[in-house]
Amino acid sequence: MVANLGYGALIITFLICLYGISAAIYGALRKAPAWVDSARNAMLLTWPLVTLTALCIIYLLLTGHYEVEYVAAVTSNSMPFYLKVTALWGGQAGSLIFWSWLMSGFASAVTLRKWDRDREFLPWVVVVALVTLGFFLSLSIFVENPFTRLWISPTGNVVESMLQPAGSMLFTQADGRGLNPLLRHPGMIIHPPMLYLGFVSFTIPFAFAFASLVTGRSDDRWIRVTRRWTLVAWLFLSLGLILGMRWAYDVLGWGGYWGWDPVEVAALLPWLVGTPFLHSVMIQEKRGLLKWWNIILVTMTYASVLFGTLLTRSGVLSSVHAFAQSAIGPLLFGFVSIMSIITLILLIFRGRTLKSEGHMNSMFSREALFLLNNLLFLALFFICAWGVLFPIISEASGLIGQVFPSVAHIFTGQKITVGPVWFESTTGPIWLALLVLMAVAPLSAWGASTAKTLSRAAWKPAVAALVIAGLLFAAGIRSPLALVAFWAIAFVICATLYEFWREAAARHRTHGENLLAAFWLLAGRFRRRYGGLTIHIGVALMAFGVIGIEMFQTETQGMIAKGEQLSLSGFTIQYDDLKLFPTPDGREVARAELSVFKDGKFVTNLYPRRDFYTESQQSMTIPGVRSTLGEDFYVLLVDWQPVSSSGATFKIYHNPMINWLWLGGFVFILGTLVAAWPDREREVETGRVTRRREAVVSA
Amino acid sequence: MKRAIFLLLPIISLVLAGVAVDFASAQTAVPPVITDDQVNAIAHQLYCPVCENIPLDVCPTQACAEWRELIRQKLAAGWTEQQIKDYFVEQYGDRVIGAPPARGLNWLVYVIPPIAIVAGVIVLALVYRAWRRPLPAAKSDGTPADDYLRRMEEELEKSK
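Chains as they are written, first to last, in my numbering: chain R, 1 to 699; chain B, 1001 to 1160.
The reader is advised that the hints may include incorrect statements.
As the list claims (entries may be wrong) - Partner residues aside, some chain R positions facing chain B, computed with beta carbon under 10 angstroms:
(1) L289
(2) F411
(3) V421
(4) T510
(5) E555
Stated by the list, open to error - DSBU-like, lysine-lysine: derived pairs with alpha carbons at most 35 angstroms apart:
(6) K114(R) with K31(R)
(7) K415(R) with K1074(B)
(8) K562(R) with K579(R)
(9) K1085(B) with K415(R)
(10) K286(R) with K355(R)
(11) K562(R) with K598(R)
(12) K1074(B) with K562(R)
(13) K31(R) with K355(R)
(14) K601(R) with K579(R)
Read the hints as simulated data drawn from the structure, not as lab findings. All of these numbers come straight from a predicted model, not from anything done at the bench. Quick reminder that beta carbons are idealized off the backbone N, C-alpha and C, glycines included.
I would like the entire structure built from these sequences, with the hints used as guidance.
Rendered as structure tokens:
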């Protein structure tokens, strides 16, 4: 009954999408505002309907309706309440509904804004939003239906079907298979919604860019309207990525946070093209340059969001995220291609109106350096996309080899792995160059910076960073690569703090405020700039953590008997005991008890463990970690003998500076919030104007 | 005395030979101890042939534990790191190593990124050049009326 209600709501929403698209196009072409308003209302109606669908799934998940295949696949009786709710995005079919729900929510929110000055955009924004939403709904309806039920035929065959096959009965099981253990972690509960929010919200700037193209408006209105949307999208995407890293660090049990797994890279791709977009729009706002380029960038961001979804949801890759596989690839591929091609055609038609209004005066101006930023980010984007795509291409090329045997030795069709070694060596220098650029670019000026003015602004922080690198050398760091990276990180931080100080000091001189008050005032007034610079500091801190773990991580592994010890980097663990016990939620836990000594002194106890989920026959390794700002001491229980006196195998990692990665993440998010925070001053001002107007009217 | 030496020599040599044989057999009977770290150093560069994209040193499956054991046996048998890696490639294909060997189509994986970067630099240089060239009539196109309109719009936005 509830399943039918949910499915019915889904179909009605899809039909409303189709109606909304037609009404919006008709209204726009015929200049009929009533039709456009109707399309807007259709858009607004989708959210409550998709909410109803999502609530139906949640109800089925909570009440254990195991006759529904999705419910049986992702929940079980022993799962706690919150996990049953979050199981909504724990599997393919549910996460597609969740995607649609977020999409319709975001799109509805954007249609509620005041459209006075941009009425011509409205129908086309609605079209893009509804086409995207409609596409995802169609996947749920036709390919990955979350309401499909299990039926048992008179012959005993169990079949999956939405409608009851003749003569069959509902196949109700007493219990489900339960959620993938890897997903039963707080990080994984928040990580996908954040990532999805980032993904879907990038549709909004694209929708406005598309509307701007169709209507032929060549000003930067679409950028100004979507500035905050873009920042919010970027915020969620970044948060999703950082949470994903933390989840990997806590759950995957390999002592790292990023493994260049194709699914990770697929989630990074929109970020790699969204970030240059955020910078590049400023060139258009300030200088009237790069109009067509910004549209290309936002289209690429939108396409890579869909492409990322395609990679992760279609089963075209098989990786640790193997839980999200199905055959929806060709449909997504077709959709992303069609949307990109339409935008490209429009771009070609409108090329003439999108000419730059100004020209560049100097290679060292802010706009020139921003363009360099674009180049570096796009290089990262192409390299990462290539690294993900190549194994698929290599495998698919086998077809050519089969058709033309003469070249079969080249097109072998062999699946290959493009792993961290390749990604790190190809992207490493670019990340480094970006760090240096991040230090220099904020010191440059729009329009008229010259090599002389720029070097005058940059030399002090550069030298300060050099001193810091020298101190690190004196402290015993000898790796040239690490020293260069630390110099670049220190350069970013010094340059940013120097910039803060320079501006606060200038205000202090002219207005006599103390430096802190001046800084606070400036940060409040120029939130976008100060937020951006704070993000830069966050990135530098994160880079510090990354260099720490990438270049200075040490590890060892060994089997020790009870009472014996294993040492690494000044730390020693002593194996005290091992306890094996079942838990009420269906796990068989093996939990080791260790004493940890640093330089011979006892510091803490750690309890690394291995949880075996009997329902799903999967195990999960939970590390025991001692965390300080300077380092993590990270212990994994690799193996143990049933007779515990024989010993257990532990793997130990010493991860210096890793916590700076998470700390930098906080600063990063804080900076984004500052930059995206709504402009209160302006609202106050608007309020004041309104009040004044009212006063005039009443007088 | 000489005779005694002649008599002793074979005995001494026999004893020596015996010791040598004992020593050698002792060496073969007790294989060198291979630590987990030695195994992991190689396993880290290899990818689990079944669970894709997971380095062999951290893969928790039973199959991978057996492959790590295989590495340990090969190391104990005196194989070098390269020999072991080659063995795995031969057995399970190129996918077991993290960076594909540069042959056949795989060349593309190494060649495309630098080409893309160089192409990007060229495009950027062209854009810079185009920008530096003052746009013909770019300023005159921006007639006072246009500027006026833009300012009007800005004012309107401010007062909204």
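- Structure versus earlier hints, numbers of those that do not hold, lowest first: Violated hint: only 4; rest satisfied.
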